[in-house]
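*Asks:* Please put together the full structure from these sequences, using the hints given.
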Amino acid sequence: MDMKYKKMEQEDFDFLRSVCPERVSVRGEIGEDYWHDELGGIRREPEALVKVLSTDEVSRIMRYAYENSIPVTPRGQGTGLVGASVALCGGILLDFCAMNRFLELDEVNMTLTLEPGVLLMDIGKYVEEHNLFYPPDPGEKTATIGGNVNTNAGGMRAVKYGITRDYVRGLEVVLPDGSVIELGGKIVKNSSGYDLKDLFVGSEGTLGVITKIILRLIPLPKHKISLLVPFPDLNSAISAVPEVIKTSSVPTAVEFMEREVILAAEEFLNRKFPDNSADAYLLLTFDGMSPEEVDLAFHAVAARCLELGALDVFLSDTDERNESLWAARGAFLEAIKASTTEMDECDVVVPRIHVAEFITFASSLQKKHGVRIRSFGHAGDGNLHIYILRDALDESAWKRKLSAVFDDLYGRAHELGGQVSGEHGIGFAKKPYLARSLAPEQIGLMRGIKRAFDPKNILNPGKVFEL
Amino acid sequence: MNIIVCIKQVPGTAQVEIDEKTGVLKRDGVAAKMNPFDLFALESAMRLRERHGGRISVLTMGPPQAEKVLREAFMMGADDAYLLSDRRFGGADVLATAYTLSQGIRKIGAWDLILCGKQTTDGDTAQVGAELAEFLGIPHLTNVTKFLGMQEEGKLDVEAEIPLHVVDVRMKLPCLLTVEKGIFEPRLPSFRRKLATADRKITCFSLDDLPDRDESHYGLNGSPTQVQRIFPPEIKTEKETWTGEGEMLAGKLCAFLEEKRFLSELR
Chain A
0 MDMKYKKMEQ
10 EDFDFLRSVC
20 PERVSVRGEI
30 GEDYWHDELG
40 GIRREPEALV
50 KVLSTDEVSR
60 IMRYAYENSI
70 PVTPRGQGTG
80 LVGASVALCG
90 GILLDFCAMN
100 RFLELDEVNM
110 TLTLEPGVLL
120 MDIGKYVEEH
130 NLFYPPDPGE
140 KTATIGGNVN
150 TNAGGMRAVK
160 YGITRDYVRG
170 LEVVLPDGSV
180 IELGGKIVKN
190 SSGYDLKDLF
200 VGSEGTLGVI
210 TKIILRLIPL
220 PKHKISLLVP
230 FPDLNSAISA
240 VPEVIKTSSV
250 PTAVEFMERE
260 VILAAEEFLN
270 RKFPDNSADA
280 YLLLTFDGMS
290 PEEVDLAFHA
300 VAARCLELGA
310 LDVFLSDTDE
320 RNESLWAARG
330 AFLEAIKAST
340 TEMDECDVVV
350 PRIHVAEFIT
360 FASSLQKKHG
370 VRIRSFGHAG
380 DGNLHIYILR
390 DALDESAWKR
400 KLSAVFDDLY
410 GRAHELGGQV
420 SGEHGIGFAK
430 KPYLARSLAP
440 EQIGLMRGIK
450 RAFDPKNILN
460 PGKVFEL
Chain B
0 MNIIVCIKQV
10 PGTAQVEIDE
20 KTGVLKRDGV
30 AAKMNPFDLF
40 ALESAMRLRE
50 RHGGRISVLT
60 MGPPQAEKVL
70 REAFMMGADD
80 AYLLSDRRFG
90 GADVLATAYT
100 LSQGIRKIGA
110 WDLILCGKQT
120 TDGDTAQVGA
130 ELAEFLGIPH
140 LTNVTKFLGM
150 QEEGKLDVEA
160 EIPLHVVDVR
170 MKLPCLLTVE
180 KGIFEPRLPS
190 FRRKLATADR
200 KITCFSLDDL
210 PDRDESHYGL
220 NGSPTQVQRI
230 FPPEIKTEKE
240 TWTGEGEMLA
250 GKLCAFLEEK
260 RFLSELR
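Chains as they are written, first to last, in numbering that gives the first Met the number 0: chain A, 0 to 466; chain B, 0 to 266.
It is worth saying that the hints were derived from the structure and are not from the lab. Keep in mind that the hints are not guaranteed to be accurate.
As the list claims (entries may be wrong) - In silico DSS-like cross-links for lysine-lysine, where the CA-CA straight-line distance does not exceed 30 angstroms:
1. LYS5(A) with LYS367(A)
2. LYS259(B) with LYS124(A)
3. LYS238(B) with LYS211(A)
4. LYS223(A) with LYS140(A)
5. LYS235(B) with LYS140(A)
*Replies:* Written out as structure tokens, the structure is:
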């Protein structure tokens with residue numbers, strides 16, 4: 000299916016301006032921020048940028064784009080890491096940042112209905128004032144909820160609470176031809192035909208444009224404690240994770256970190272971490288409705304950690320202490336970034352049991368390919384963030400080595416029963432790796448689905464897989 | 000060097016409810032924690048012990064449940080703990096509190112150095128440390144930011160921040176120091192130590208155990224300050240949003256901060 004797209008002309012811009020007065024900019028006047036996301040190296044100026052405010056506007060624009068074969072790419076805050084919101088084929092970039100209203104907090108059904116442009120960090124604040132909790136916790140708090148739904152973002156609390164998909168109850172979606180459908184709703188169960196809602200979660204804007212989201216909320220856990228667990232080496236730390244998770248109550252988060260990353264964060268923040276004497280650490284968090292519940296949960300795990308070779312278990316149960324831990328954890332990525340010239344990342348996910356093996360393998364690639372590699376992250380859910388650092392490599396050597404390292408990483412992940420992306424998505428950057436890791440039949444089914452929803456391939460073309 | 004660290008149990012969060020009628024803190028059901036400023040004093044004591052040896056005692060005044068912060072100090076590495084607890088100590092202002100602590104310290108006996116946090120997060124007066132030193136008749140220095148070692152026998156060199164100046168001072172022991180926030184990153188309580196110190200004894204003193212047993216010197220009776228009313232501060236939630244070009248906004252912001260006198264000190 001090779002589509003020829005229409006090159007946008009004055010009449011097209013006029014139409015957009017008739018729908019969204021004052022909120023349209025056209026090629027030549029579109030800020031560079033809108034040419035790319037946070038993935039380096041891929042950029043394209045859209046032909047038109049439209050800041051949409053309502054479902055009706057989106058619907059009218061889609062219908063027009065459909066009739067005129069103009070590509071449309073939805074975009075939130077542009078914090079994605081795989082180029083998913085870059086207008087690869089030009090056309091219209093729909094900016095959802097201003098479509099950011101909270102529509103309804105239903106405290107009886109425990110749902111929150113909102114527009115896709117609401118920022119993740121604002122959701123937490125909003126619902127917690129009502130003693131409710133939206134558990135998904137991706138690191139990028141300035142991302143929009145629309146972006147989170149489109150990538151099925153995960154985050155640190157996935158170990159206990161699951162991922163974005165687990166909290167999407169309903170969606171309003173504008174299809175490529177402009178028609179508007181409602182999927183799911185405030186309902187807890189649903190066995191009514193194919194679950195199209197779940198198909199849209201994680202579809203990276205390739206099947207339809209999400210214009211309204213109903214999220215599921217849970218009661219806010221009032222008490223929490225973090226445990227910082229030092230181990231003599233990374234292997235003993237990571238190997239303890241499956242044991243820790245099955246010991247008693249499931250931790251909300253299980254992060255691992257190595258000494259060198261902690262030292263980099265200390266230097267970056269000019270502030271000491273509460274402990275840096277061990278080579279490797281696990282950082283565990285437990286939450287609950289009462290201090291007793293939390294105590295019970297962490298005691299058994301702390302004792303188990305000591306049996307598994309932990310040097311000690313440090314307890315963090317106040318705001319000040321948690322801040323000292325999580326400020327450093329939050330700065331790891333920036334600290335690594337500051338230590339090199341450029342970096343790229345792989346966010347593979349492997350079964351929990353293989354995490355230790357995979358990290359050791361990733362580390363061994365430093366020697367094999369002569370490139371610096373750092374990793375930290377979610378040991379509890381098997382989603383690993385592995386950073387390949389360019390340092391002083393020249394452009395061609397960097398490209399070559401990066402590609403070789405990625406080949407090895409994705410290849411090994413596949414052998415271990417893993418997947419290409421745990422939470423960032425495929426977008427443009429990871430397409431070749433997805434194609435290699437899934438069976439041709441699977442990609443074939445995805446193509447069929449894409450054609451069923453978007454027969455003219457105008458929605459976010461060039462993403463996820465080759466049509 | 001034997002060190003006594005004075006610590007206090009304070010409400011666990013800043014969102015404490017106050018009974019508007021009685022003006023009393025609603026402590027029931029509110030999680031308590033060690034005063035965050037005291038963590039720096041305790042950490043300082045442990046760094047000094049690493050360098051100069053000796054024992055660390057922690058001392059607190061409070062209801063029986065204040066034992067929790069003493070246990071926490073054990074988990075951080077303190078050797079001994081003392082609890083001053085008596086109904087007759089209740090309602091103490093800063094002066095009576097400092098006096099009671101000084102009596103407790105006289106009872107404990109031998110020590111070289113007393114460390115306090117710079118203030119508490121509930122009372123915020125920052126007066127108890129200095130008053131305690133006066134009652135004990137020893138020199139004191141507040142806002143200590145660095146320990147510089149011992150060049151001379153029996154004297155501790157420290158750096159302190161006083162308004163507009165940083166001073167290096169040679170303090171003759173015994174003395175009392177209050178340490179500044181951030182002097183060290185406080186270590187976290189250790190689960191291993193929790194297990195190891197679960198049965199460690201905490202020494203309790205009541206009024207009858209102290210050298211001065213005159214009830215009029217303690218608690219409400221010994222407090223010249225009387226609280227008239229306690230009320231939560233008004234929290235402003237209104238906000239203003241400005242949009243526009245960066246340069247214009249920077250100028251506007253600068254003018255605003257000057258008008259509110261946030262920038263006057265810099266000029």
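*Asks:* Take the hints in turn and mark each one as holding or not.
*Replies:* Hint check results:
For the hint linking LYS5(A) to LYS367(A), the alpha-carbon distance of about 47 angstroms lies beyond 30 angstroms, and the restraint is violated. Between the alpha carbons of LYS259(B) and LYS124(A) the distance comes to roughly 28 angstroms, so the proposed pair stays at or under 30 angstroms and holds. At roughly 27 angstroms between alpha-carbon atoms, LYS238(B) and LYS211(A) fall within 30 angstroms of each other, so this suggested pair holds. A threshold of 30 angstroms between alpha carbons decides the hint, and for LYS223(A) with LYS140(A) the separation of about 20 angstroms falls inside it, so the pair holds.
Distance restraint check for LYS235(B) and LYS140(A): the Cα-Cα separation of roughly 25 angstroms lies within the 30 angstroms cut-off, and the hinted pair is therefore satisfied.
Going through the hint list in order, the structure does not satisfy hint 1, though it satisfies all others.
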